[in-house]
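**Student:** Sequence:
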Amino acid sequence: MQVRLNKAIAHAGIASRRAADGLIASGKVSVNGQVVRTLGMEVGENDLVEVDGKPLPRPGKKLYYAINKPEGFITTASDEKGRPTVMDLVGDIDGRVYPVGRLDAATKGLLFLTNDGDFAYALTHPGNGKKKTYKVRALGHMSDEKLRKLRKGVEIDGRMTAPSEAVLKRQARDACTVELVIGEGRNRQIRKMFESIDMKVVELERIAVEDIRLGALKPGHYRKLRREEVDSLING
0 MQVRLNKAIA
10 HAGIASRRAA
20 DGLIASGKVS
30 VNGQVVRTLG
40 MEVGENDLVE
50 VDGKPLPRPG
60 KKLYYAINKP
70 EGFITTASDE
80 KGRPTVMDLV
90 GDIDGRVYPV
100 GRLDAATKGL
110 LFLTNDGDFA
120 YALTHPGNGK
130 KKTYKVRALG
140 HMSDEKLRKL
150 RKGVEIDGRM
160 TAPSEAVLKR
170 QARDACTVEL
180 VIGEGRNRQI
190 RKMFESIDMK
200 VVELERIAVE
210 DIRLGALKPG
220 HYRKLRREEV
230 DSLING
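In numbering that gives the first Met the number 0, the protein residues as written are 0 to 235.
A few of these clues could be false.
Each computed DSS-like pair below joins lysine-lysine, with the alpha-carbon atoms no more than 30 Å apart [as the list claims (entries may be wrong)]:
1) Lys-6 to Lys-60
2) Lys-130 to Lys-148
3) Lys-148 to Lys-134
4) Lys-151 to Lys-168
5) Lys-61 to Lys-217
Since the hints were made in silico from the structure, they are not lab data.
Model, not experiment: these values are computed from the prediction.
Could you put the whole structure together from the sequences, leaning on the hints where they help?
**Tutor:** And the structure:
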C-alpha cells in the first residue's frame with residue numbers, strides 16, 4: 000500500500016503532515032538513500048524513509064494529551080535559541096509526541112500533544128474550521144460597534160477574517176475581557192483583530208477547542224484525552 004511521504008512521517012510520530020512537508024522541502028528526508036523534495040511523493044512498506052539520517056520508527060501506541068501551556072513557552076519540539084518549549088513540561092510521557100498547531104510564546108492555555116498524524120491533520124487543516132475559544136483581555140473600551148466588527152470580520156494582512164462569536168464578559172474603566180470564538184488559525188490573528196479596532200491585547204488564553212475545555216487543568220500540567228474526546232475532535 001502506497002501512502003504520501005508526509006503521511007508516513009506523521010504516522011511515525013515525527014511531526015504533523017504540514018511540518019513534514021517542511022522537512023521534505025528543506026532536504027532533510029531521504030527515500031532509499033536519495034534525498035527527496037517532492038511533496039506529493041508516495042512510499043510503500045518496503046521503502047526506507049529517513050529523517051535527518053535516522054530511519055522512521057515503527058508506529059507505536061497512539062497518544063493524545065491536553066496541556067495547559069504557560070506563558071513564555073514555545074510551541075515546538077525543540078528551539079535553536081534555547082528557549083523553553085512545551086516539551087520541557089512533559090518529560091515523563093512514555094512515547095514521542097509533538098504539539099498540534101501553535102500558540103505563540105505570550106499566549107497561554109489549551110494545547111494538544113500527539114503522535115497521531117491524522118489527529119493533528121484533522122485539527123489543523125484550514126478546511127475543517129475547528130472552533131477555538133479564547134479569553135481576551137484588552138486595553139480600552141469595548142463598544143457595541145467594535146464588537147459588531149469582530150463578529151462580522153475585520154481586515155488583517157490584506158484580507159478579511161471569517162465571522163466570529165464575540166461576547167463582552169467584563170468592562171472596566173481602562174480594560175475589558177472578551178470571549179472570542181474563531182474557526183481560523185492565522186498568525187497572531189486575535190492580536191491583529193483587536194489592533195484593527197484600536198485595542199491592544201495584554202492577556203490571551205485559549206480556553207477551549209470545539210467542546211474540549213481547559214477546565215481546572217493548571218498551568219504546566221497535562222492529562223490524557225479520553226477516547227470519546229479524541230473522536231469528538233476528529234469528527235466534530
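**Student:** Take the hints in turn and mark each one as holding or not.
**Tutor:** Results for each hint:
Under the criterion of a C-alpha separation no larger than 30 Å, the hint pairing Lys-6 with Lys-60 is consistent with the structure, at around 17 Å. The suggested pairing of Lys-130 with Lys-148 holds, with an alpha-carbon distance near 19 Å, which does not exceed 30 Å. At roughly 18 Å between alpha-carbon atoms, Lys-148 and Lys-134 fall within 30 Å of each other, so this suggested pair holds. Only pairs whose Cα atoms come within 30 Å are accepted, and Lys-151 paired with Lys-168 is accepted, the gap being roughly 19 Å.
Simply put, Lys-61 and Lys-217 have alpha-carbon atoms about 24 Å apart, close enough for the 30 Å limit, and the pair holds.
In summary, the structure agrees with every hint in the numbered list given earlier.
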